[in-house]
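These protein sequence lines are chains X and C, in that order.
Per the working numbering, residue -1 is the first one in the first sequence, and the count goes up by one each step.
Per the working numbering, residue 10 is the first one in the second sequence, and the count goes up by one each step.
Incorrect hints may have been included.
DEER-style ranges, computed between Cβ atoms [as the list claims (entries may be wrong)]:
| no. | chain 1 | residue 1 | chain 2 | residue 2 | range |
| --- | --- | --- | --- | --- | --- |
| 1 | C | Arg68 | X | Gly132 | 18 to 24 Å |
| 2 | X | Val281 | C | Asp70 | 28 to 34 Å |
| 3 | X | Asp287 | C | Ala221 | 54 to 60 Å |
| 4 | X | Thr209 | C | Ala301 | 46 to 52 Å |
| 5 | C | Ser138 | X | Met54 | 42 to 48 Å |
| 6 | X | Leu159 | C | Tyr20 | 53 to 59 Å |
| 7 | C | Asp217 | X | Gly206 | 41 to 47 Å |
| 8 | C | Arg233 | X | Gly206 | 56 to 62 Å |
| 9 | X | Ile140 | C | Ala221 | 52 to 58 Å |
| 10 | X | Pro243 | C | Asp168 | 54 to 60 Å |
| 11 | C | Asp168 | X | Ser52 | 50 to 56 Å |
| 12 | X | Trp266 | C | Tyr20 | 39 to 45 Å |
| 13 | X | Pro30 | C | Tyr20 | 38 to 44 Å |
In the SDA-like style, the derived pairs of lysine to any residue whose C-alpha atoms are separated by at most 20 Å in a straight line are [claimed, not checked]:
| no. | chain 1 | residue 1 | chain 2 | residue 2 |
| --- | --- | --- | --- | --- |
| 14 | C | Lys180 | C | Ser197 |
| 15 | C | Lys267 | C | Arg248 |
| 16 | C | Lys72 | X | Val31 |
| 17 | C | Lys72 | X | His35 |
| 18 | C | Lys78 | X | Leu283 |
| 19 | C | Lys132 | C | Gly95 |
| 20 | C | Lys78 | C | Asp66 |
| 21 | C | Lys133 | X | Leu283 |
| 22 | C | Lys72 | X | Pro129 |
| 23 | C | Lys135 | X | Gly117 |
| 24 | C | Lys115 | X | Gly37 |
| 25 | C | Lys180 | C | Asn165 |
Hints were generated in silico from the structure; no laboratory data involved.
C-beta: ideal position from N, C-alpha, C; glycine also.
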Amino acid sequence: MSTPQPPMPQTAAPNWQAAPGASYPAYTSPIPVKRTHLGNALASEWTKIRSVRSTMWTLGVFVVLVVGIGLAAAALVSANAGEGELAGENPLSFGFFGLLLGIMCVITLGVLTTASEYGTGMIRTTMTACPTRGRVLTAKAIVFFVVAFSVTLASAVLVALADVALLSDAREPSSSEWLKGTVGVSFYIALIGLLSLVVGSVIRHSAGAITIMIGLVLAPLVIALFMFSESLEDLRQALFEYSIPNQLSVFYSQSLTDTGPSGWDPLWIMLGVTAAAFAGAYVLLEKRDV
Amino acid sequence: MIELEGLTKRYGEKMAVNNLTFTVRPGIVTGFLGPNGAGKSTTMRMMLGLDRPTAGDVRIDGKHYDQLKDPLKYIGALLDAKAMHGGRSAYNHLLCLAQSNGIPKKRVQEVLDTVGLTPVARKKAKGFSLGMGQRLGIAGALLGDPRILMFDEPVNGLDPEGIHWIRNLMKSLAAQGRTVFVSSHLMSEMALTADHLVVIGQGRLLADTSMADFIAQNSRSYVRIRTPHRERLLDVLQRAGVTVVQTGNGTLEVDGGKSERIGELAAQHRIVLHELSPQQASLEEAFMQLTAESVEYHAHSEAPPEQPRAWGDGWRKES
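Pulled out of the complex, with its shape left as it was, chain X reads as follows (with noise of 0.2 Å):
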């Protein structure tokens, strides 16, 4: 506000008539009038996911969290396991811890990709911006996604590497245990990034979308936990089988029970969920008002 600026220096030069009485739009923009598409929003939605430190903050305490505890858990055991102790192990599997803790900085994120635009009013713009709006929360989660499993599957990578090497007792995994231990559980993780961003766009509140998803990840497991009684072991038991640590252990052939999802169930589920609340979350956006 330092310096007054000359009225309108408008660069380029306005073809205009300021006939009065011309009953129609006098201004005619010399910028050539485009049809939008959804490239238009990807690009707008990379700018300003690329253009917040929260996104460094959160993906970068995620990489630290993944490849750390990752890398810590198999030195430790390689370090206190006797001899042959390890023969039957998946070496691939001490990545599990990195990535369970992980999920929080990828729910963070997902969230705020969505809920922080309400928080801020930046949503009003983007919504004048593009009146489309399926379209802002499909270039929202597409960008959203590639980034959440690009950066996922690059520290899941890495972990699962430095492990096979630091385990060399351990059993070679096969090609199908490589396949689920670093592409499945990166596909896994960004779609449980992807449900929090679509939770966040139907919460419209950051603390509280968080909450919401902390909750669903955490709650099944502490609530089976505390279900002593005889009648609910069934109940207990489906809670333990579907709990998101559990699915997730599933990746690594590590569930906690024999029963329940195996294989690839938990990436099906997880996508069944996921599409289910996007298209609420896509039916709710079109009602709403901003």
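Start from chain X and add chain C according to the hints.
Frame of chain X; chain C shown alone:
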């Protein structure tokens, strides 16, 4: 050109906007005036497709807002200075808007120059003063070089220099043949910028008139007189054919600018005057009279008084 037809928005029991019909024409600045809570912001949100009308229709150059494929090139809006992410730099804020509408990147630098924010383009928006935030909002509105511009309370919280700048900006935009629609709750501000006036109160249309007509109709000039010889002066003035109004507090008022004549008459008849002052009823008063009904309705209604709505409540409900 913005056309409203029977535009209505109901929140539960409350009619926020009630059957508004008017047209905002190009080439002039149209002022949108109303007391706090009159429904100005709600109306503007509906114009921009942010809120869905309960009934009625808004068309931007004949189209619904959500039919516009690159809306920033049709209509630029300054909602409020805070409709942005504080952690993002001014440049990136404008860049993401430009990208979403396929506007060339170089345009970002141009509008930053226009509003004078180039030196702080890489600084985060949360460090901006209110005036700088307003300028960034205006830069966003100008980004697509649109033929329609909409400003919601643009002078709120600005220093005199900033107010002056915005006034000139709006006038020059209108002079280029653009449609300029600006809301305010200050009549005095509108009198300086607007050519046309739309007044609402309680969500209803109270006036849709040119500024010149409004001023002619509403700016009453009169002479105020105080004298210890009230009865004698009344006689004298009546005989001279001057119509006098007696006001409650012992003063007399004479319509029109006749102070010289009254002074001469008083001198001729040796009447002492304690006051003889020409007065001009302000447009602010005229505006208050016009909206008095809708404001009074609040105060005297049987229903429990509603929470007084500060301006912009609606925009900021989430922050």
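Run the distance test for C:Lys180 versus C:Asn165: straight-line Cα separation, threshold 20 Å. Measuring from Cα to Cα gives roughly 18 Å; hence the hint holds.
Would the pair C:Lys180 and C:Ser197 pass a check requiring their Cα atoms to be no farther apart than 20 Å? Distance of about 16 Å is within 20 Å: holds.
That 46 to 52 Å hint for X:Thr209 and C:Ala301 (C-beta), does it hold up? holds, 48 Å
Regarding the pair C:Lys267 and C:Arg248, is the alpha-carbon distance no greater than 20 Å? Cα-Cα ~15 Å, so holds.
Given the hinted pair C:Lys133 and X:Leu283, is their Cα-Cα distance within 20 Å? violated, 29 Å
C:Lys78 and C:Asp66: Cα distance at most 20 Å? holds, 19 Å
For a C-alpha distance cap of 20 Å, please report whether C:Lys72 and X:His35 respect it. This hinted pair holds, its Cα atoms lying about 19 Å apart.
18 to 24 Å as the expected CB spacing between X:Gly132 and C:Arg68, which holds or is violated: At roughly 22 Å between Cβ atoms, X:Gly132 and C:Arg68 fall inside 18 to 24 Å, so the hint holds.
Cβ separation of X:Leu159 and C:Tyr20, checked against the hinted range 53 to 59 Å: holds, 58 Å
Taking 20 Å as the top limit, are the C-alpha atoms of C:Lys72 and X:Pro129 close enough? holds, 13 Å
Satisfaction of the hinted span 28 to 34 Å by the C-beta atoms belonging to X:Val281 and C:Asp70: With a Cβ separation near 29 Å, X:Val281 and C:Asp70 satisfy 28 to 34 Å, so the hint holds.
Outcome for the supplied range 41 to 47 Å, where the beta carbon pair is C:Asp217 and X:Gly206: holds, 43 Å
Checked against the numbered hints above, the structure violates hints 3, 5, 11, 21; every other hint is satisfied.
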